[in-house]
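Chains H and A, in that order, are what the protein sequence lines are. Under the working numbering, think of the first position of the first sequence as 1, with each following residue one higher. Under the working numbering, think of the first position of the second sequence as 1, with each following residue one higher.
Hints are supplied without guarantee of correctness; some may be wrong.
No farther apart than 30 Å at their CA atoms in a straight line, the calculated lysine-lysine pairs in the BS3-like style are these [to be verified]:
id, chain 1, residue 1, chain 2, residue 2
1, A, Lys103, H, Lys64
2, A, Lys103, H, Lys41
3, H, Lys66, H, Lys55
Note that these hints are calculated values from the structure, not bench results. As the structure is a prediction and not an experimental result, all values here were calculated from the model.
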Amino acid sequence: GAVVSQHPSWVICKSGTSVKIECRSLDFQATTMFWYRQFPKQSLMLMATSNEGSKATYEQGVEKDKFLINHASLTLSTLTVTSAHPEDSSFYICSARVSEDSPLHFGNGTRLTVT
Amino acid sequence: AQSVTQPDIHITVSEGASLELRCNYSYGATPYLFWYVQSPGQGLQLLLKYFSGDTLVQGIKGFEAEFKRSQSSFNLRKPSVHWSDAAEYFCAVGEPFSGGYNKLIFGAGTRLAVHP
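Chain H on its own, in the form it takes in the complex:
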């Protein structure tokens, strides 16, 4: 149980375009989802906390207008990278939890390459 599906697994886009990444909790309802970014051989950096039906809470230094997060239902959160630039190239990982004291369950990540 507690499976999180992330799509796409990898995407290549041109500079200036936008890319949407989906994160779905397949067998549970997730009131809260989290989006992380991971640079090569580095740790996970929390970008934002996404609560169903409300605005996401962004971490300090994360541009909310560039990284649009929507959590329209209890099983789906999306991250849209707007006007992507090569420096946005990274590994993006979403996670979700069943309740406030349960572990995070992670998707398999999305490798974004901006050319």
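Got chain H sorted already, so can you dock chain A onto it with the hints?
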């Protein structure tokens, strides 16, 4: 602000040898503690967690971890490492908040290599 320290960036062990990965945290109260493992290009898999109670917790794949309040540590151990254990290991800490924790902060990770 709370922080998580994994002092060992890279560890190499021989197959069959024992393993201990270190994790220290900086926080006043006892946080929620987790260990995750990540294979290259993949998401993270939960190995084990500690919220309260018995300070020695058992996880999947033969891993265990011990919470030591006096040392603010939550070290991960395995008595006999298998080649398939080669991966990146992350310690994570959640600040207690309103019956749970609000977010997870990750350590820098320890890359484990296993020699045959």
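We went through each hint and held it up to the structure:
no.	hint	verdict
1	A:Lys103 x H:Lys64	holds (18 Å)
2	A:Lys103 x H:Lys41	holds (22 Å)
3	H:Lys66 x H:Lys55	holds (15 Å)
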